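Each chain, written out:
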Amino acid sequence: MKTRYSYGGDEHIFVEMDEEMSLDAFFKSLAMSNAAREANIDGVREICPANASFQVRYDPEVIAPEDMMAKLKELEKIAINAEKRLETRIIEVPVFYQDPWTHECVMRFRERHQDPSGTDLDYAARINGYDSVDAFIEAHHSAPWFVSMVGFVSGLPFLYQLVEREKQIEVPKYLKPRTDTPKQTVGYGGCFSCVYSVRGAGGYQMFGITPMTIFDADQKVSYLKDFMVFFKPGDIVKWKPIDREEYDRILKAVEDGTYKPRIAEVTFDLEDFNGDMEGTNAKLMEALNDV
Amino acid sequence: MTFEVIKPGLLTTIQDLGRPGYFHLGIPEGGAMDREAMRIANMLVGNPEDAAGLEAVFMGPELKFNDDALVAIGGAEMPVFVDGEERKCWTSFPVKAGQTLKFGFLKTGARIYIAINGGIDTPPALGSRSTYPIGALGGFEGRALAAGDTVPVGKATAGAKERTLDQALLAKLPKPVELRVLPGLYWHRLTEGSQKQFFADEWKVAPEADRMGYRFRGGNPMEFVERDQPFGAGSDPSNIVDGCYSYGSIQIPGGTEPIVLHRDAVSGGGYFTIGAIISADMDLIGQLQPNTPVKFKQVDMAAALDARHVRSARLDKIRSALN
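As they're listed, the protein sequences go chains A and B.
Each step along the first sequence adds one to the number in this note's numbering, with nothing skipped, and position 99 is 99.
The number in this note's numbering is simply the position in the second sequence, starting from 1, with 1000 added.
Calculated directly from the structure, the hints in this document are not laboratory data.
Small disclaimer: the values here were computed from a predicted structure and weren't measured.
Take these hints with a grain of salt, some might be off.
Derived DSS-like pairs: lysine-lysine, alpha-carbon spacing no greater than 27 Å straight-line [what the hints assert, rightly or not]:
| hint | chain 1 | residue 1 | chain 2 | residue 2 |
| --- | --- | --- | --- | --- |
| 1 | A | Lys252 | A | Lys283 |
| 2 | B | Lys1064 | A | Lys176 |
| 3 | B | Lys1161 | B | Lys1064 |
| 4 | B | Lys1295 | A | Lys176 |
To give an idea of the interface, some chain B residues facing chain A are shown, with a C-beta separation under 10 Å as derived from the structure [as the list claims (entries may be wrong)]:
| hint | residue |
| --- | --- |
| 5 | Tyr1022 |
| 6 | Phe1081 |
| 7 | Gly1084 |
| 8 | Ile1134 |
| 9 | Ala1136 |
| 10 | Ala1168 |
| 11 | Ala1171 |
| 12 | Pro1174 |
| 13 | Leu1185 |
| 14 | Gly1243 |
| 15 | Gly1275 |
Cβ atoms here follow ideal geometry from the backbone N, Cα and C, with glycine treated the same way.
Construct all of the structure, not just a fragment, from the sequences and the given hints.
What follows is the structure in structure tokens.
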């Protein structure tokens, strides 16, 4: 890992932990952005953590850019020794794979795709070496995922697969971004899965859709009463494949305010995970299944 | 008091100075594209500078006032009419109950700002009345204005008087338009030749220029320093592991058309960025029409900070002139 610091114009400093994605880079970015928040530096306007980087927005009238830069570099020393353990939650997110809505969208934007002859799932399964779409879907939902960034638009989570590097799915983004993506599409780009929180443009491959609302500006959805955005960095997600009937049932429950996402409190320790991925994931699943 | 929207124009939204603090969740700061124009329009009607007004792009709305009001227009140059009688921009004027505010064709610039004494009084969302349509946040029901909307305005402040701004105090749009850039972020991904070319080329504002970002066309495609793409980034040389974007930062998807991220920008994504437009030039971008020729100019941090000071000194002068 090699940390790189850069100015983003006169109001931002960008800190990249590593060029490539890893949980180690995420935890270092999280530790540094937490340290920056706790340092309460005068002039800091906002701290935005990302997958393997973070950004600080500051007021250069309050703190000179080079002083801000020096303060952040000092924090790196603290962050290296930070505990790589999170008290967090695991959430079951239902996914209707190969649903009619994303399929319609997949077909509508075919000419922007690497392989216009098939679907996004056909393509993703093939380039990741799976014999069938079903086997690929199985790989997508069998292990838990880690929310390593929230952003792009309105509370959209980026998720990182909790398996060995060799088993991680990687797909390119669309050749040209789409102008439309159904709300709550489960997408994929680079090594990240995502849930499109709102309808709009997008460049990730489309695999399915969840009936679970994850952003609600009006906060009418029962589990978004406290805040309009559902996900936080560090959340762990387990996709649960569902069929059309189940999709319709959950959608209705979300709408009438009776849906309760399945959530368990868990601890995630990076060293434990790196030492025993299957064992750590089994424990996470046990906590979820006990709910 | 209230006014009614007879015609919404092309895209008229309620904006103030934005909702900072939620970018880490993908909710942009938003607010007026041309903050200076919004501030001055507010000063002219005796509002606090961060009061909510209207931002209209390319085409003015038609509004019918249900109560007496003091109104001012700033930003782009566009003829203003009250019941068919012409009024001036950068000056506050009364509109009587029952009168209609209308606009002629755009002359220069792209966005006008309409301030009304009392400020627009729709419910704030996350501390701001700015409209963010993608997240259905703020504004009028989370969307742009539509014909038939009745928009509430706050209580008029007592003693607000008609005022005129000496337009010599306004910033001049440089001709040809020059946008100052502080290189950084993923600047090192470009070859030295492309770095030079980017500043040498003449670019034009593309039709895809909105509150999220301004796209530019006409320059040479970028060449990238070769590397094995890092894990998780995606295969195109313009891809990075998804990270945060700075306001004003310039991303170049596929290395062809630069996009300057503006007030309603996405908070992050997987395209490399080559640096950022300096904060003092951000307002200027909001006044650029499609097809305007633009040169990007390389500056250093000292020049960027200098430009900030010039800008705040100018605003101070305007404040004291209007008080």
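Hint by hint, here is what the structure shows:
1. Among the hinted pairs, lysine 252/A with lysine 283/A is inconsistent with the structure: their alpha-carbon atoms are about 32 Å apart, more than 27 Å.
2. Of the pairs offered as hints, the one joining lysine 1064/B and lysine 176/A is violated, with about 43 Å between alpha carbons and a cut-off of 27 Å exceeded.
3. Using a Cα cut-off of 27 Å, the hinted pair lysine 1161/B and lysine 1064/B holds, with the two alpha carbons roughly 21 Å apart.
4. Between lysine 1295/B and lysine 176/A the CA atoms are separated by roughly 26 Å; this keeps the pair inside 27 Å, and the hint holds.
5. A hinted interface residue such as tyrosine 1022/B counts as satisfied when its beta carbon comes closer than 10 Å to some beta carbon of chain A; here the least separation is about 8 Å, so the hint holds.
6. Taking 10 Å as the C-beta cut-off, the interface hint given for phenylalanine 1081/B is violated, the closest approach to chain A being about 36 Å.
7. Annotation: interface hint on glycine 1084/B violated; nearest CB of chain A at approximately 39 Å, more than 10 Å.
8. For isoleucine 1134/B, the interface hint holds, the least distance from its beta-carbon to any beta-carbon of chain A being 6 Å, beneath 10 Å.
9. With a cut of 10 Å, the hint placing alanine 1136/B at the interface with chain A holds, because the nearest CB-to-CB distance is about 5 Å.
10. A cut of 10 Å between beta carbons decides the hint on alanine 1168/B: the least distance to chain A is about 26 Å, and the hint is violated.
11. The closest approach between the C-beta of alanine 1171/B and any C-beta of chain A is roughly 17 Å, which is over the 10 Å cut-off, so the hint fails.
12. The interface hint given for proline 1174/B is violated, since its Cβ lies 19 Å from the closest Cβ of chain A, which is over the 10 Å cut-off.
13. The criterion of a C-beta within 10 Å of any C-beta in chain A is met by leucine 1185/B, whose closest approach is roughly 5 Å, and the hint holds.
14. Hint status for glycine 1243/B relative to chain A: holds, with the closest Cβ pair at about 4 Å, below 10 Å.
15. Taking 10 Å as the C-beta cut-off, the interface hint given for glycine 1275/B holds, the closest approach to chain A being about 7 Å.
Violation of the numbered hints given earlier is confined to hints 1, 2, 6, 7, 10, 11 and 12; the remaining hints are satisfied by the structure.
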